[in-house]
Amino acid sequence: MHAHNTHVETLAGKIEELTSQSVMQCYQCGKCSAGCPVRNYMEDSPNQVIRYVQLGFDDEALHSSTPWLCASCLTCSSRCPQNFDIAKFMDAVREVALEMEIDVKEKDVKKFHEAFLNQIKKNGKAFEFGMVREYKLKTLNLFQDVELFPEMLLKGKLSLLPHKKKDIKHIKKVFDEIK
Amino acid sequence: MRIGVFVCQCGENIGRTVDCPAVAEAAGRFPGVAYSVEYKYMCSDPGQNLIKNMIKEKNLDAIVVGSCSPHMHEKTFRKAALDAGVNPFLCEIANLREHCSWVHEDIVDATKKAIDLVRIAVEKVKKNTPLTPIRVPVTKRSLVIGGGISGIQAALDIANAGFECVLVEKEPSIGGHMSQLSETFPTLDCSQCILTPRMVEVYQHPKIKLLTYSEVENVEGFIGNFKVTIRKKARSIDESKCTGCGLCVQKCPIKKKAYNEFEENLAHRPAVYVPFPQAVPNIPVIDRTVCTYYQTGKCQMCVKVCGREAIFFEQQDEMITEEVGSIVVATGYKLYSIDKKPEESEIKGYGEYGYGKYKDVIDGLQFERIASASGPTSGEILRPSDNKVPKKIVFIQCVGSRDESKGFSYCSKICCMYTAKHAMLYKHKVHDGEAYVFYMDIRAGGKGYDEFVRRAIEEDHVKYIRGRVSRIYEEDGKYIVRGEDTIAGKPITIDADLVVLATAMIAQPNAVKLAQTIGMSYDKYGFYNEAHPKLRPVEVSTAGVFLAGACQSPKDIPESVAMASAAASKSLVLFGSDFLEREPTVAKVNESVCAGCFYCQKVCAYNAIEKKEIKDRKGNLVKVIAYVNSGLCQGFGTCNAVCPSKSVELIGFNDEQIYAEINAL
Amino acid sequence: MKVGYYPGCSLSGTGKEYDLSIRKVLEKLDVELAELNDWSCCGATSAHATNHFLSIGLSSLNLFQAQKQNLEELFAPCAACYNRMVVAKDELGKGTETAKKISALNNGESTAKVNIINIIQLFEKAGLENISAKTKMNLKGIKAACYYGCLLVRPFSITKFDDAEQPVAMEKIISAVGAEPVDWNYKVECCGGAHSIAHKEIVVDLSKKIIDDAVKHGANVIIVACPMCHSNLDMRQRAMKDTAAIPVLYLSEFVGLALGIDSKELGMNLHFTSTEPILEKVLVKE
Amino acid sequence: MEEEKFEPKIAAFVCNWCTYTGADLAGTSRLKYPTNVKMIRVPCTGRIDPVFIIKAFEKGADGVLISGCHPNDCHYNTGNFHARRRWILFRQLLNFVGIDSTRLHFSWVSASEGKKFVDVVTEVINKVKEQGKFKKYEKINKEFAIHE
Ligand SMILES: Cc1cc2nc3c(=O)[nH]c(=O)nc-3n(C[C@H](O)[C@H](O)[C@H](O)COP(=O)(O)OP(=O)(O)OC[C@H]3O[C@@H](n4cnc5c(N)ncnc54)[C@H](O)[C@@H]3O)c2cc1C
Ligand SMILES: Cc1cc2nc3c(=O)[nH]c(=O)nc-3n(C[C@H](O)[C@H](O)[C@H](O)COP(=O)(O)OP(=O)(O)OC[C@H]3O[C@@H](n4cnc5c(N)ncnc54)[C@H](O)[C@@H]3O)c2cc1C
Ligand code: SF4
Ligand code: SF4
Ligand code: SF4
Ligand code: SF4
Ligand code: SF4
Ligand code: SF4
Ligand code: SF4
Ligand code: SF4
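Taken in sequence, the protein lines are chains A, B, C and D.
For the first sequence, the working numbering begins at 1014 and goes up steadily by one.
For the second sequence, the working numbering begins at 18 and goes up steadily by one.
For the third sequence, the working numbering begins at 2 and goes up steadily by one.
For the fourth sequence, the working numbering begins at -10 and goes up steadily by one.
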């Protein structure tokens, strides 16, 4: 691990700005990790990621796969004895990592989110087929789930054309704001 | 008037943010100030001598000390003034520390404010008049509220010193929580064995009047002279006739309708019952809510078997008044429990642990009863759901405490210790069993305490896991406990047979009501506030009222007993003299202008204002005016504020004095 | 009774039968739905997972639209949409920096007054007694495991809905129509949610645990209130080894069955795991 | 700009048992607040005569804070009840004599609420800063206020 981060612009500071809560609130009890449904797939437990940020080990936090594996289920946030919203913290770590163009480990998750948001940007609504198509092209995971598609199509659950929002300028405005 | 101003630096405490020489210098130029000086530690002996010498040398007749809060050293400096021949009430304090140097950072601003504060005090002291303290007689008896170990100890200490004592306990027996405990840390001696002799001693003590099943309804008066009204609830048994033979209890046909509170609801009790075998007094009570006679008018089995004709269905609550000079409050605590959650409380409960849902997720006191030789399982460790010996047991610490979100943010202080004790007791009784403790920190700061915890770990092989548990659910008769070992950084799941939650000690549900009856302050959790956290830990801000035990904050037995003895000795200090000196800040009526409207009487909470008839020389009634009984007057001055003709003044805080302060602002 | 309706994207795709059954059931219960005009996606997980502003911003568009239509109540059947909108409303109410920026993009519109409700709350509004009275079928043999998932009850401080750890609101509806809710352990455990595509293995794993626990506690049907939960529990059953097949029904489908609506009309033929076993147990009331 | 330099003068009438002690606690805890406030200690809020407040404004206070024990916690059992009952009438009186009654603040701060004391004081100071200097005291009917 690296030495203490002495930058003024620490990850802790950015997260506090984004979430209006201080990482110092966490007293490292581990209750969040204990109840996390995806804990077993994570290298670092959620409380460890918080710990990294508390101590200024920002690189460790930003490169950890944990925030990307987090399913945003809010189990941790609803049980934290210190009222620390861990899910929101994870959102913020991801946001900063993207902003800093960190080479994240969980590329597929990142690509999935990108594909999903692209559909919203284009259509104002999520378009599953378009999203899956884009995702597959991005990840080259061409054969995953193909067995389900014919049935989905048959059942009318996968439409090949997007449902579009008519008035899309507001959506554009929101997206423009984050560029 | 020749006023002296003494500015204290308090070492660095004031000096760091207030330019003391500048303050002294500015004060020297105030009209009426004959001398001013600054010094490093005014309360030290040389500091006090400085004051005394200067009073004499400079012929001062009033002083102002710019120092710490008057709550800290007003007495000290008044005494110094008195020693030098100046009336102590011609001494005023300007609070330059708590209200200035400690709360401000900018030297210039703070110094400016300090000068203002001194000026205000100087203007006030100009309007002060010499006063003499009021002497009131002391009633040398004490009231102790609460009959747990703290109340028992306090009552015995006072009584053994030769003074009478009234002990009021709301339950049918004294003993409190200690009577429920199995063995006690850190020595593992049997709780009942050390407690019972004390309970008996209380019962037999000629100087102790024991009122069980009783509650304090009202408190009037003040230090040295309290008048207390106590409600003695109807037991439905004539105490003077009952011999405690227990026949009624045995024969009462109602067996299962009521939970046994003493056994923490792990067993049932009859309608007529004694809380536990060693109860003091050993006299039953009838629970009218379940007794068949009270519900339907039938049964009366107890009447039939009682040879002493002691059953007394028509008995009524009785009001008793007692006059005492001091009050010791020792009302103890409650254990955080979701079943008995206090009304309107913010407690959200622990649904994720199934607390209140699963029979085998219990709290600390329930475990005490299970481990107790006199408990429902006769001391065998059996779990409530199926009476089987649990082979894997999990203890979870800090439940309800150190939890902003679901409970209370304070540390309950004793649960680390009682959990170690529980784990140890378990291991001693179930040799092949496995015990796990989930903890966040181990707080075992007492004599022999950490050694005790280490023994649990090293000798009894209790496995301590650092982390909070997130979830417990039942699966095939096991309780799946999901935690995280934050030291190893690994999730951990245990299939336990029994789970014990170390829940927090919390304030008694009626604590606030009692505080209001007596006039004590309490913290946001309902624990009573001591007058000073370090220097007056057993007093409250209401004079003559003392605190003992867990009603002040979570405490174990040794601390409770120490505090009880301290509270008792504070009472004894009071009883050491026949008279008591009181501040002369009382109201006084100017008879020549009083119009006799008696607005003042309506607002006086202490009934201190009486009617006085003024007669002429022939004995004809001229007018009826107000008169203040200075023995009763507590000096809060509402009479002064409401009197339309300003005929009543509060000495020490009269209009003139306060205007002087306002003018100096 | 008239309620605003925000179907959300899934209900025209994978959650088609949810939409069908909601419309049918509410018709029977005399609840009129006023669909939000030209609504847009709430941003779902992907928005808040990557950009806070985006997530609040996208959800807010719909809240302001509801305001424009003078809707007092907005019903969001998807638990994720419900959650995102409740959170967005809360943030707008707090007037944070984000809220201010969003307000600037929306003609100064700053707070959302509309009350957002989920499907359980909608049924509660329609009245459990009303539902009970209109029940035509006998569901006695049905043992239902009510699955709330993550987002319906959390975060409790904002949703203020039922108990976050031991919720019972759905069970009350199940009882009201005469079926038997089972007591089980995975009511509020997560199914993996949005990881369905990028981490199918996690979703299959987590969903399997949920299904196994329901079966273990004697359930013969799982009731859900979220299209994401549904697709994870229903569609992904095929990928699970050693797991007994169990039908997964939307709450609206289940209530629809009780009210005597034809299963096809409710869209139950669109499931991946056959709903036949449960249909067999639905008897006409004597 | 003149507004920015304005440092208001706040007079606080506080009871000895609760708020004064709460302010002590703020000190003991080394919490910080601006120097604008000066306290006058009375035994109980029940002692506070409405005239004190008018006097304070007259003597140049820009805002007045009255603070005592929480209801039911009064050291003297009911003193603060009497106080509160009278304040309701008093606000009208203030407006009558031309003092903006929003410059008068009430709060309850107990002996254990050092932090709350700081919050209250800071809030009052900020509020009065917003309102600006109190200039109207000249208008007060002197006869009404004087009681010397
Ligand atoms: C699970 C557990 C295990 C423990 N184990 C140990 C241990 O091993 N060693 C140890 O040192 N400590 C132990 N303790 C702590 C111990 O219980 C307390 O320190 C001790 O009981 C405090 O005594 P007390 O008299 O202050 O309060 P309590 O025991 O609570 O007694 C207060 C009494 O006042 C009565 N009362 C309350 N309100 C009123 C009222 N308004 N009017 C009249 N009467 C009233 C109550 O009925 C009660 O009888 C344990 C605590 C728990 C919860
Ligand atoms: C670094 C440090 C910081 C602390 N900070 C705090 C704090 O912030 N808050 C707090 O509450 N506590 C604090 N404490 C603890 C505090 O110092 C003690 O609680 C307190 O001083 C104990 O008082 P005492 O009178 O029992 O003992 P002492 O202060 O040790 O006084 C004992 C006295 O007895 C005299 N003496 C010894 N033997 C004999 C003899 N045979 N004959 C005659 N006289 C004798 C000694 O000379 C001494 O004057 C701190 C302690 C330390 C070490
Ligand atoms: S539950 Fe809360 S306090 Fe505990 S480790 Fe997680 S974030 Fe920190
Ligand atoms: S929100 Fe993320 S970190 Fe928290 S419990 Fe759910 S998956 Fe784990
Ligand atoms: S008098 Fe007060 S301020 Fe001065 S040294 Fe003593 S404690 Fe400090
Ligand atoms: S009431 Fe009668 S029967 Fe009961 S214990 Fe007393 S003497 Fe015995
Ligand atoms: S009258 Fe009541 S107390 Fe007496 S035996 Fe019958 S039920 Fe028991
Ligand atoms: S004493 Fe121990 S178990 Fe109890 S609250 Fe404090 S740290 Fe937790
Ligand atoms: S209020 Fe004043 S005038 Fe009236 S009776 Fe009391 S002292 Fe006399
Ligand atoms: S100051 Fe006045 S109102 Fe207060 S106790 Fe004394 S006489 Fe009564």
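One or more of the hints may lead you astray.
As the list claims (entries may be wrong) - Just a few of them, taken from the derived set where beta-carbon distance is under 8 Å, the chain B residues facing chain C:
#1 E339
#2 E369
#3 K374
#4 Y375
#5 G494
By construction, these hints were calculated from the structure, which means they are not laboratory data.
From the three backbone atoms N, C-alpha and C, an ideal C-beta is built for every residue, glycine too.
Taking the hints in turn, this is what the structure says about them:
A distance limit of 8 Å between C-beta atoms decides the matter here; for B/E339 the minimum to chain C is near 47 Å, and the interface restraint is violated. A hinted interface residue such as B/E369 counts as satisfied when its beta carbon comes closer than 8 Å to some beta carbon of chain C; here the least separation is about 5 Å, so the hint holds. The restraint placing B/K374 at the interface with chain C holds, with a minimum CB-CB distance near 7 Å, inside the 8 Å limit. Given the 8 Å rule on beta carbons, the hint for B/Y375 is violated: about 11 Å separates it from the nearest Cβ of chain C.
Checking B/G494 against chain C: minimum C-beta separation of about 13 Å lies over 8 Å; hint violated.
Hint violations for this structure: numbers 1, 4 and 5, all remaining hints satisfied.
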